[in-house]
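Chains A and B, in that order, give the protein sequences.
Numbering-wise, the first sequence is residues 1 to 501 according to our numbering.
Numbering-wise, the second sequence is residues 1001 to 1056 according to our numbering.
Rather than coming from a laboratory, the hints here were simulated on the basis of the structure.
Heads up, a few of these hints could be off.
Selected chain A positions facing chain B (in silico; Cβ < 7 Å) [said to hold, decoys possible]: (1) 87; (2) 88; (3) 90; (4) 92; (5) 224; (6) 230; (7) 234.
Covered stretches of chain B, as calculated for chain A (at least 3 residues, CB under 8 Å) [unchecked claim]: (8) 1011-1023; (9) 1033-1045.
These figures come from a predicted structure and were not determined experimentally.
Cβ coordinates follow ideal geometry from the N, Cα and C atoms, glycine included.
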Amino acid sequence: MDSTWVWIGIGLYFLVATSAALLSRSGTAEDMTDYFLGGRRMGGFLSAMSYSATTYSAFMMIGLAGLTYAGGVGALGFELLYLCGVTLVLIFGPRFWRVGRRFGYVTPSEMIGHRYVSRASGAVAAIASFVFLLPYAAVQLAGAGYLVSGMTNGAISFTTGTAVVCFAAIVFAMVAGLRSVVWTDALQSVIMVLSATLVVVIVIHQLGGLGGFFDALEDQPGALSVPGEGYFTLSTFIALSLPWIFFSISNPQVSQRLFTPGSLKDMRRMLIGFLVFGFIYTLVSVFWGFAARIHFPDLEAADSATPTLLGSGLVPAPLAIIVMIGILAACVSTIDSIMLTLSSMITRDVVSARRGLSERIQLAAGKAVIPVVAGLAYGFAQLQLDLIAVLSVSASAGLLVMVPPIIGAFFWKRGTSAGVISSVVLAGSLVLGLEYTGTALLGQGSGVWGLLLAVVLFVGVSLLTPAPRERAVEFIEASRSPRHRIGPSTEPSTLGVGRGD
Amino acid sequence: MLAMFVVPYTLLREVDAWYGSALFWTVMTVAVIAVNVMVSAGWDDEYETQPERGQL
Chain A
1 MDSTWVWIGI GLYFLVATSA ALLSRSGTAE DMTDYFLGGR RMGGFLSAMS YSATTYSAFM
61 MIGLAGLTYA GGVGALGFEL LYLCGVTLVL IFGPRFWRVG RRFGYVTPSE MIGHRYVSRA
121 SGAVAAIASF VFLLPYAAVQ LAGAGYLVSG MTNGAISFTT GTAVVCFAAI VFAMVAGLRS
181 VVWTDALQSV IMVLSATLVV VIVIHQLGGL GGFFDALEDQ PGALSVPGEG YFTLSTFIAL
241 SLPWIFFSIS NPQVSQRLFT PGSLKDMRRM LIGFLVFGFI YTLVSVFWGF AARIHFPDLE
301 AADSATPTLL GSGLVPAPLA IIVMIGILAA CVSTIDSIML TLSSMITRDV VSARRGLSER
361 IQLAAGKAVI PVVAGLAYGF AQLQLDLIAV LSVSASAGLL VMVPPIIGAF FWKRGTSAGV
421 ISSVVLAGSL VLGLEYTGTA LLGQGSGVWG LLLAVVLFVG VSLLTPAPRE RAVEFIEASR
481 SPRHRIGPST EPSTLGVGRG D
Chain B
1001 MLAMFVVPYT LLREVDAWYG SALFWTVMTV AVIAVNVMVS AGWDDEYETQ PERGQL
């Protein structure tokens, strides 16, 4: 494809998205809450679109399509199970939201540190997030580089592609913090879903409509059942699905969003809007993978299904560029949110927690950290180390070890900081070790063992160490609906104070 | 959600057509979304006055 048209497409996308970022500015952010949480005043619709764009990365149209190509309909089940897992927001969403207001939390790891009365446990949670999410962001950048380079036959280099995407993510994150991320995400989510849907409709039409599409699939034995041709064994299916079911509470770039809605009604709009978006985008991505499987059944690498289909002539060139922009948008919208969240966690939970910096200095430091995080992700992407790929693949499984401390925070008064630190450090290390050595104990994925060890350590070590009973009661009481509270009502007037552990 | 693991690998294992696991997972997801809609319908605004509501 002519690189001139690709550059024009990228230029237009950047221009429009940057305009949205600039329009999102609402005065000058004065503190961490304003910059990183949009002042806890985010509306439901934009939150839904941003949550969608943050969650769904280039994985959908490249990785999931490739998984469908290689393994058939099991990919649909795995991704829809993830979507259903977001139902956890029904339980944890209002609780995060209430304690966020009551205690003034900016990051999920700050919540962990305060709840377990231990800044060290907050710092450990923040560092674990950094270890697993930074390589994930780097692989997103690398994916964008490969896509642009592949579609232009190298006329735009890998390095240039990653640099452009990295620059866009920095701009969108830094213009106005969460506000500019949310506005650009919303725009990008529309590009993502419209471009993907349009191209799938065209490709299916060329196959004779839905009837012809499914007839062609039924001619491929095993494409529409599990384990089908053998790729999606039950163990593989569980190993893929389990970490993603808990994604909404284990991954800080999305769990932090539970602090941001202006009201519970806004949170409801965010949840329902995301579920509808995810349902459509999942079906479209899986159909896309199936279309590649029907048209090009003999590809050597499943991940090349999307570039092959886009470059095949089945998709008109202008539309292929729009789809490419949609995939780049999916990369950028995921990366900028991760950068923003990691910056807030490093500033709030690792640096400031130790030195007791003021809000103003924290905010300045948080802004300064964003390009540093971006630079690290860019550097990792350029190195293309095997370890980076390992860390990226283990990101969702690794963050699964955060689940017991988070559930325990809201539902188990006996949980302790020693339990948190031991479970996150040891179970996280186990996941890394299993992924690095490619070991599947008893045929099960690293996430299964990581979660099991995290539960055992969190419960076991907590029972052996003294629990912060008073804080646990205060926290759990504040997380409940006012109608179900036992003690006196906790009004939000204490926002931002009382965190003197 | 447990059924989404179990049923495709047991009852629908041999149904290699669109009305097999693909339809089952899709219908189950629609049902889960409906549950989310119904349960969250009870969420009301607990702090009407603070802070300012949804500006965006």
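So, going through the hints one by one against the coordinates:
The interface hint given for residue 87(A) is met, as the beta carbon of that residue sits about 6 Å from the closest beta carbon of chain B, less than 7 Å. Hint status for residue 88(A): violated, given a least beta-carbon distance of 10 Å to chain B, over 7 Å. Nearest Cβ of chain B to the Cβ of residue 90(A): about 5 Å, under the 7 Å cut. The hint holds. Nearest Cβ of chain B to the Cβ of residue 92(A): about 13 Å, over the 7 Å cut. The hint is violated.
Taken as an interface hint, residue 224(A) checks out: its beta carbon lies about 5 Å from the nearest beta carbon of chain B, inside 7 Å. For residue 230(A), the interface hint is violated, the least distance from its beta-carbon to any beta-carbon of chain B being 13 Å, above 7 Å. Below 7 Å, beta-carbon pairs count as interface contacts, and residue 234(A) has one with chain B at about 5 Å; its hint therefore holds. Restraint check on the stretch 1011-1023 of chain B versus chain A: 10 residues with Cβ-Cβ distances below 8 Å, three needed, restraint holds.
Only when three residues or more bring their CB closer than 8 Å to a CB of chain A does the claim for the stretch 1033-1045 of chain B stand; here the count is 10, and the claim holds.
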